[in-house]
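Trainee: Given the sequences, and given the hints that come with them, work out the whole structure.
There are 2 protein chains.
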Amino acid sequence: MAKITPISGFPEWLPEQRLIEQQVLDTVRRQFELYGFAPIETRAIEPLDVLLSKGDDKEIYVLQRLHAEDHAEAEFGLHFDITIPFARYVQQHRGQLHFPFKRYQIQKVWRGERPQEGRYREFYQADIDVIGDGELPLAYDAEFPRLIHEIVDKLPIPPLTIGVNNRKLLEGFYRGLGIEDITGTLRIMDKLGKIGVEGVLQQLTDQLGLEPDQAQNCVALGQIRGEDSSFTEEVRALGIEHELLSEGLSELAFVMEACEDLPPGRVGADLSIARGLDYYTGTVYECYLEGHEQVGSVCGGGRYDNLASDAKVKLPGVGISLGVTRILGYLFGRGLLSADRSTPVVVLVALPDEESRLAAMDVARRLRRRGIPADVHHSPQKYGKQIRAAERRGIPYVWFFDPKGEDGHQVRDIRGGQQVPADPDAWTPSEEDFFAG
Amino acid sequence: MAKITPISGFPEWLPEQRLIEQQVLDTVRRQFELYGFAPIETRAIEPLDVLLSKGDDKEIYVLQRLHAEDHAEAEFGLHFDITIPFARYVQQHRGQLHFPFKRYQIQKVWRGERPQEGRYREFYQADIDVIGDGELPLAYDAEFPRLIHEIVDKLPIPPLTIGVNNRKLLEGFYRGLGIEDITGTLRIMDKLGKIGVEGVLQQLTDQLGLEPDQAQNCVALGQIRGEDSSFTEEVRALGIEHELLSEGLSELAFVMEACEDLPPGRVGADLSIARGLDYYTGTVYECYLEGHEQVGSVCGGGRYDNLASDAKVKLPGVGISLGVTRILGYLFGRGLLSADRSTPVVVLVALPDEESRLAAMDVARRLRRRGIPADVHHSPQKYGKQIRAAERRGIPYVWFFDPKGEDGHQVRDIRGGQQVPADPDAWTPSEEDFFAG
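Quick note, the sequences are listed as chains P and V, same order. Take the first sequence: its position 322, counting from 1, is numbered 322 in the numbering used here, and each next residue is one higher. Take the second sequence: its position 263, counting from 1, is numbered 1263 in the numbering used here, and each next residue is one higher.
Honestly, the hints are just simulated from the structure, not real lab data. Certain hints may be false.
Simulated crosslink set (DSS-like; lysine-lysine; CA at most 25 Å straight-line) [what the hints assert, rightly or not]:
hint: 1; chain 1: V; residue 1: LYS1314; chain 2: P; residue 2: LYS385
hint: 2; chain 1: V; residue 1: LYS1154; chain 2: V; residue 2: LYS1108
hint: 3; chain 1: V; residue 1: LYS1385; chain 2: P; residue 2: LYS314
hint: 4; chain 1: P; residue 1: LYS382; chain 2: P; residue 2: LYS404
hint: 5; chain 1: P; residue 1: LYS314; chain 2: V; residue 2: LYS1382
hint: 6; chain 1: P; residue 1: LYS404; chain 2: P; residue 2: LYS385
hint: 7; chain 1: V; residue 1: LYS1314; chain 2: P; residue 2: LYS382
hint: 8; chain 1: V; residue 1: LYS1385; chain 2: P; residue 2: LYS108
Ranges of calculated distance between the beta carbons of each label pair, as one might list FRET restraints [claimed, not checked]:
hint: 9; chain 1: P; residue 1: GLY335; chain 2: V; residue 2: GLY1193; range: 50 to 60 Å
hint: 10; chain 1: P; residue 1: ILE182; chain 2: V; residue 2: GLN1092; range: 24 to 34 Å
hint: 11; chain 1: V; residue 1: GLY1196; chain 2: P; residue 2: GLU113; range: 17 to 27 Å
Per the computed footprint, the stretches of chain V lying under chain P, defined by three or more beta-carbons under 8 Å from a beta-carbon of chain P, are [said to hold, decoys possible]:
hint: 12; region: 1086 to 1095
hint: 13; region: 1105 to 1113
hint: 14; region: 1217 to 1229
hint: 15; region: 1342 to 1356
A quick note: this is a predicted structure, and the numbers were derived from the prediction, not measured. For glycine and all other residues, C-beta sits at the position ideal for the given N, C-alpha and C.
Mentor: Okay, structure coming up:
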């Protein structure tokens, strides 16, 4: 075995961390299913032209067989998100799916970007999307902030601030101002958080050639926030008129109203949100960890009309993606999330002597039969050593039995030290003793 | 969007199939945890020299960034199994792990081989291994057949026949016969099932230059089977003596005895099992679906002494790998495993009219709050149409409510047609109505 060093950007967790990650993914999945999303997985690879049709080509890892012909063109690459593979999946299996098709997908994705804190080259995304056949009611756009809020509320992570905006609102406003390069404007406005008001004003005028008052208006719009539908008045006060703007305003107002029973501070209109990817056509979402905004966006998505559609069929969709690895990697790295258990085992059966090994395995078997994760200590060490081995792994109970059958069975809660007689076919730990899964 | 065709060897399931796959993976995982295995995941890529140190290099997919320098050497490849990455993980994180380290790992792997029925280029493996620090009792070898039997017993798949053999037994026997090329002999003996007795005899004499009676003895050994430890006598009757043979015989007898309470036909000694990979050093396992042996081996593994060890540290291990995709792909393909539900939804809330959408969403929310997966029908169609939409997806219940509040709420079991008044804050479906997860 040769190199055994970490590879930058490809995180690996210890078992105690993976147990937490798994618990997080289980909670996410359960919540997705409660909301009626069905699971799918797509293959890890896509044809390069599918990947290149919507993506930033610098990030793609291409794949080749080790002994491919020297000059063979690479045909496939690893997916860098799961939205584009999902759109391809829907087109490919359209005849076998029921629409609106609500699906979730929790998979790893790969990006060949320069690794830095909070940026990974391999990471988990947890995506939900719904795709309609022909049309898709706005009610679906309103469902996502609630769903994301409810998930995060159940996870051992800081609360999320969910920002919502609408691309029609932005595009309508820009068009109302007489701006033609909508994509260019969106791209620069997207940097408001990073380069600030002055930087954005300068780029809008220098790079796009906007008039100073056009640029000022764009920035004014981008600074509007609100937790109810009051943002509508603020936008109207800027005095810009456009049909698309009105449509976007009423869509965003609908989403905000549908979320108004959520706790304060969780969901807000944030008119700075643009989302870099150019396929969004309506609602857009962007979420930050409260108090840890420096991590960057950890969840985002939006409405797209043309991602899965083709010339003949219109398949509009809306989706959101939760960056599980980004959140956990940050929290693990700062010591904000740690575990005291490195195994799902609830009971360690102590091994009195080598001859009792099969008897000890039988005790473990009887516990397992009733759903209690159990294991036999590997070696007939002194009991003190066996108890310390359980302690180090965070196993709550050690089981003792008398191989001669005289003293029967006893179980010891090593957190408190109480030791009581117990029957391997009847004794049951409390629910909190299990690693919540 | 360009190509939307399937890619040979990269299977993708429909939601109804993925629901089954997920249920299978959950059962596997729960069983692994009951036996005290802790979860880890390793990155999808490994340095090429790690992959090449133990593998068949023709199968490796190498990775390169799309815009890498033209002549950059590829450094990394996708893993083709999870045993080698696990051995690397153990070496890398040794100081932070507790030994014996029992871990499970359920991940996709990639092999660039020629696709054919039952062979995939991307597929799930579910692996368990235990690695000891310095030594590892044989009791662990005896645990795997039982664990695998218990898993398969809980899955909607045909029973497995678990064959067990021992490399020391084979090597000792071959050495006792005076054979020197042990690896070559193993490689040819491994083909017994494929090319038959005559083919193997011919290759042993022609390719390896064995004497006819040496070859005959090898084949005679390879034909021994048994469900108890009677195989020992049959081997001894061949009259070959070697220390390693005796050791292997007693190890295999120990494993067989520890499994003797399992139902007949499930676990047997099978002295033809060699396992192609050359890192095994003791117990080896190979499992087939009963009545579907033509699929090939769907589960296999064994004891290895030198995979994770290095010059300074001995880290012997034993593991087994279950080919989940191979099993499911075969059963899906033959129509031997199918599902009637394409969604986890238990209740579809009927939408009486567009104005009642928020009220309908509220009903769904109240059901979800109590853990019942619920969804709102997307459009205020005639109730007959909404019921048929639920039927098509396999949703058992449709919920009706009177938007004017006069008739209250009713729930209809669409499998039987019964419709009864129900309270969205109290009504609960039976356990079997949930998609078992």
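Trainee: Within the assertion that chain P covers the region 1086 to 1095 of chain V, do at least three residues meet a Cβ-to-Cβ distance smaller than 8 Å?
Mentor: It holds: at least three residues are needed, and the region 1086 to 1095 of chain V offers 6 whose Cβ sits within less than 8 Å of chain P.
Trainee: Is P:LYS382 close enough to P:LYS404, meaning Cα to Cα at most 25 Å?
Mentor: 18 Å, holds
Trainee: At least three residues with a C-beta closer than 8 Å to a C-beta of chain P: is that true for the region 1105 to 1113 of chain V?
Mentor: holds (count 3)
Trainee: Has the given pair, V:LYS1385 with P:LYS108, been kept, meaning a C-alpha gap of at most 25 Å?
Mentor: At roughly 38 Å apart (the allowed maximum being 25 Å), P:LYS108 and V:LYS1385 break the hint.
Trainee: Taking 25 Å as the top limit, are the C-alpha atoms of P:LYS314 and V:LYS1382 close enough?
Mentor: 24 Å, holds
Trainee: That 50 to 60 Å hint for P:GLY335 and V:GLY1193 (C-beta), does it hold up?
Mentor: 54 Å, holds
Trainee: Straight-line Cα separation of V:LYS1314 and P:LYS385 no greater than 25 Å?
Mentor: Status holds; Cα separation ~22 Å.
Trainee: Counting residues of the region 1217 to 1229 of chain V whose CB is closer than 8 Å to a CB in chain P, do you get three or more?
Mentor: With 0 residues close enough to chain P, the hint is violated.
Trainee: Indicate whether the distance between the beta carbons of P:ILE182 and V:GLN1092 respects the range 24 to 34 Å.
Mentor: For P:ILE182 and V:GLN1092 the Cβ distance comes to about 49 Å; the hint is violated.
Trainee: Can the restraint linking V:LYS1154 and V:LYS1108 be considered satisfied, given a maximum Cα separation of 25 Å?
Mentor: 22 Å, holds
Trainee: Mind checking the alpha carbons of V:LYS1314 and P:LYS382 for me, to see if they're no more than 25 Å apart?
Mentor: 24 Å, holds
Trainee: Holds or violated: P:LYS404 with P:LYS385, Cα cutoff 25 Å?
Mentor: Distance of about 22 Å is within 25 Å: holds.
Comparing the model with each numbered hint stated earlier shows that hints 8, 10, 11, 14 do not hold.
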